[in-house]
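Hey, can you work out the whole structure from these sequences and the hints?
Protein sequence lines correspond, in order, to chains A and B. Number 305 in full-length UniProt numbering belongs to position 305 of the first sequence; there are no gaps in the numbering. Number 124 in full-length UniProt numbering belongs to position 124 of the second sequence; there are no gaps in the numbering.
A portion of the hints provided could be inaccurate.
Subject to a maximum C-alpha distance of 27 Å in a straight line, what follows is the list of computed DSS-like cross-link-like pairs (lysine-lysine) [unchecked claim]:
#	chain 1	residue 1	chain 2	residue 2
1	A	K117	B	K48
2	B	K71	A	K323
3	A	K180	A	K117
4	A	K50	A	K78
5	A	K423	A	K396
6	A	K243	A	K213
7	B	K48	B	K97
8	A	K50	A	K185
9	A	K216	A	K243
10	A	K243	A	K423
11	A	K185	B	K137
12	A	K185	A	K78
13	A	K423	A	K78
14	B	K67	A	K78
15	B	K67	A	K323
Calculated directly from the structure, the hints in this document are not laboratory data.
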Amino acid sequence: MTAAERDAGTGNEALNGAEVLLRVLDEEGVEVIFGYPGGAVLPIYDALFKQDRIRHILVRHEQAAVHAAEAYARSTGKVGVVLVTSGPGATNAVTGLVDALMDSIPLVCLAGQVPTKLIGNDAFQEADTTGITRPATKHNYLVREPGTLAQTVREAFEVARSGRPGPVLVDLPKDITVGKAPLTKPALSRLQRLRHQGGPDASAIARTLEAMKTAKRPLFYTGGGIINSGPEASDLLRRLARKTGFPVTSTLMGLGAFPSPDPQFLGMLGMHGSVEANMATHGCDLLIALGSRFDDRVTGRVDAFSPNSFKVHADIDPSQIDKIVPVDVRIEGDVRDTLEALLEGWGETPARDLSTWWNQIASWRSVDGFGFTQDMTPSAIIRPQHAVRRLYELAKETGRDTFVSTEVGQHQMWAAQHFQFDKPNRWLTSGGLGTMGYGLPAAVGAQVAHPDALVIDIAGEASTLMNIQELGTIAQYRLPVKIFILNNHYMGMVRQWQELLHGSRYSQSYSEALPDFVKLAEAFHATGMRATHVGELDDVIRRMLAHDGPVVADICVAEGENCYPMIPSGAAHNQMLLGPDQDSEAAGLTEEGKMLV
Amino acid sequence: MTETIQNSVISVLIEDESGALARVVGLFSGRGYNIESLTVALVDAEQKLSRITVLTSGTPMVIQQIKAQLKRLIPVHDVCDLTEEGPYVGRELALVKVVSSGERRTEALRIADSFRARPVDTTATSFVFELTGSPEKIDAFIELMRSLGLAEVSRTGIAAIGRGPSVFHLNKEPV
Chain A
1 MTAAERDAGT GNEALNGAEV LLRVLDEEGV EVIFGYPGGA VLPIYDALFK
51 QDRIRHILVR HEQAAVHAAE AYARSTGKVG VVLVTSGPGA TNAVTGLVDA
101 LMDSIPLVCL AGQVPTKLIG NDAFQEADTT GITRPATKHN YLVREPGTLA
151 QTVREAFEVA RSGRPGPVLV DLPKDITVGK APLTKPALSR LQRLRHQGGP
201 DASAIARTLE AMKTAKRPLF YTGGGIINSG PEASDLLRRL ARKTGFPVTS
251 TLMGLGAFPS PDPQFLGMLG MHGSVEANMA THGCDLLIAL GSRFDDRVTG
301 RVDAFSPNSF KVHADIDPSQ IDKIVPVDVR IEGDVRDTLE ALLEGWGETP
351 ARDLSTWWNQ IASWRSVDGF GFTQDMTPSA IIRPQHAVRR LYELAKETGR
401 DTFVSTEVGQ HQMWAAQHFQ FDKPNRWLTS GGLGTMGYGL PAAVGAQVAH
451 PDALVIDIAG EASTLMNIQE LGTIAQYRLP VKIFILNNHY MGMVRQWQEL
501 LHGSRYSQSY SEALPDFVKL AEAFHATGMR ATHVGELDDV IRRMLAHDGP
551 VVADICVAEG ENCYPMIPSG AAHNQMLLGP DQDSEAAGLT EEGKMLV
Chain B
1 MTETIQNSVI SVLIEDESGA LARVVGLFSG RGYNIESLTV ALVDAEQKLS
51 RITVLTSGTP MVIQQIKAQL KRLIPVHDVC DLTEEGPYVG RELALVKVVS
101 SGERRTEALR IADSFRARPV DTTATSFVFE LTGSPEKIDA FIELMRSLGL
151 AEVSRTGIAA IGRGPSVFHL NKEPV
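In structure tokens form, the structure reads like this:
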């Protein structure tokens with residue numbers, strides 16, 4: 001070792017950039033990377049080969065690497081890490097990055113880049129990765145100097161996990177990872193200025209408490225922010241709900257923060273939410289939004305959203321407050337701190353008598369908007385809701401810690417409606433971006449993070465084909481994930497909208513030429529199973545859950561089933577469409593009923 | 001909710017790093033916000049800070065969103081809505097080329113004088129006038145030059161700063 005090499009850093013042996021990168025990842029507590037090699041990242045793969053502290057999971061497509069890392073992050077609370085090569089490696093990752101951006105998932109994506117001198121020359125596998133991913137990430141970096149490498153990577157982790165979490169991309173030209181680089185000591189973060197100082201605003205908390213103590217029809221509307229804030233926030237939410245006696249509804253992303261089987265839980269709200277959640281949102285006089293962002297799938301028609309309520313919005317990202325729905329009280333900060341302040345402020349105040357409100361809720365609940373009737377004749381066709389409900393019940397019987405991922409569409413909504421969660425971080429779904437093909441790689445990420453847990457991808461046959469190549473990853477790492485396909489031969493949600501809004505013209509939504517999923521499973525060294533009638537369903541689910549390896553279960557379900565309730569685009573919450581199993585009048589959805597709430 | 005469209009002059013202090021301007025411009029285009037004009041230059045070499053002045057328009061809710069979204073950008077140190085914060089001075093520089101002769105040329109020079117526009121380049125058949133002022137003043141000057149041989153215009157967009165001794169950047173005392 002030359003003196004110059006020794007001097008390159010802080011007295012450490014001379015390392016190349018790739019080795020410095022891995023040292024910093026190790027410092028940051030990284031245990032697993034999801035990635036795919038290529039020319040521009042060969043030095044990093046070489047450094048990975050020479051160490052055994054960080055595990056690399058080889059995916060079959062870069063998009064899947066990002067989804068796997070998202071599920072890893074969401075199910076553990078850690079930052080997910082992705083490694084992709086330049087050009088197509090990085091562009092393939094873009095969908096996953098936007099998915100993570102929309103759902104506030106902390107990720108660091110390390111991308112290879114052509115050598116600094118070639119940037120801008122249309123070199124082989126060159127893409128303007130920082131340009132392409134600028135709006136796809138919370139922040140991104142191009143490392144141009146070896147001296148800034150270590151600190152840039154540290155900062156990337158800080159940005160990913162701080163405030164409202166999100167994906168960060170670090171573009172690494174090959175000369176930076178090949179050449180010597182100093183392992184600089186962690187410097188004082190230049191991001192101090194970004195940190196939220198102190199707790200939530202005391203006067204905002206006071207105004208909220210005052211409203212809580214006088215409201216007749218209060219409601220907590222909770223979101224993914226509670227999950228991101230950590231299990232402690234979920235715990236505080238449960239305590240606050242107990243103390244106040246207020247009902248709780250949750251967004252898709254927030255499921256699990258509050259136990260779904262709890263009587264105080266009204267279920268998910270929004271486009272495919274429960275009757276009681278949507279009617280309560282419409283009729284409440286105090287709406288407390290906690291870590292949720294008034295997404296259009298939640299609000300429906302904005303000017304008719306919760307029209308008569310005093311609104312409080314607590315969010316860590318100030319730009320989310322007053323973005324869509326103007327509110328009366330804004331509380332900026334970590335929702336955990338807000339919950340703590342509200343709990344402390346509420347003190348030993350006895351729970352209010354909200355029996356009138358709860359009676360009203362009970363009458364909405366009696367409509368049983370998620371209800372359905374399954375013909376139990378063994379040869380009867382399986383209704384998808386029944387399949388999900390049996391999956392939940394039989395999975396629960398195993399007593400195992402269970403993680404559920406989904407693809408996107410009807411099956412995702414049925415999973416949200418019928419699978420119950422009592423813990424946070426167990427529900428992995430693509431909410432904001434609605435990315436078909438999320439669930440299978442997400443199951444990979446969750447199983448890698450929790451090798452002994454039961455991991456189930458509740459899938460649709462169309463979505464799951466979008467990243468079906470990950471069966472290869474599942475086989476390679478012997479991941480015992482269960483892929484539970486609700487196969488209705490349609491892109492079901494597209495079909496549903498075509499039926500309801502486009503005169504039943506099923507344009508391109510039929511899943512023509514589907515593979516035989518049982519044989520497909522076998523081709524990928526997994527076990528395939530199929531249930532074609534309700535009489536076979538429980539047995540298939542039981543065998544799937546009992547099997548210690550990966551399973552693809554092809555559950556043939558009713559083709560024409562629609563997902564209800566449904567708030568059509570541009571409609572208000574009290575204008576839900578109910579399914580054929582419900583009595584619309586009983587839901588209070590008559591004109592008269594609308595006047596009352 | 002009021003739907004009135006208002007103009008706002010927003011100042012942004014941003015780290016002078018590669019891609020920083022693209023983040024700001026991309027934010028405006030990606031979220032469908034207007035940019036009427038935008039100026040940018042390094043203002044603090046020591047801290048490597050540039051100042052961007054954006055003239056934008058939108059409903060009050062949109063203007064609030066623009067500021068909140070700008071604050072989310074990692075390199076942004078501070079955002080100030082000069083229109084909201086109180087009186088400010090907004091100035092724009094324009095270079096206006098007028099090609100004409102005879103009486104029109106004389107008239108152009110006379111009007112330029114009354115606008116305190118300075119000829120910075122003169123040939124037998126042309127002038128380039130340098131003019132600073134509010135956008136309205138520059139609009140008026142250009143309008144008057146139209147019939148006097150107006151040939152080309154280059155404008156900077158406005159740079160703006162609050163009136164009085166207060167400064168908007170939090171980390172700095174008034175100097």
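For each hint, the structure was consulted:
no.	hint	in the structure
1	K117(A) <-> K48(B)	25 Å, holds
2	K71(B) <-> K323(A)	14 Å, holds
3	K180(A) <-> K117(A)	17 Å, holds
4	K50(A) <-> K78(A)	25 Å, holds
5	K423(A) <-> K396(A)	13 Å, holds
6	K243(A) <-> K213(A)	12 Å, holds
7	K48(B) <-> K97(B)	35 Å, violated
8	K50(A) <-> K185(A)	23 Å, holds
9	K216(A) <-> K243(A)	16 Å, holds
10	K243(A) <-> K423(A)	19 Å, holds
11	K185(A) <-> K137(B)	55 Å, violated
12	K185(A) <-> K78(A)	22 Å, holds
13	K423(A) <-> K78(A)	17 Å, holds
14	K67(B) <-> K78(A)	30 Å, violated
15	K67(B) <-> K323(A)	11 Å, holds
Of the numbered hints stated above, those contradicted by the structure are hints 7, 11, 14, listed in ascending order.
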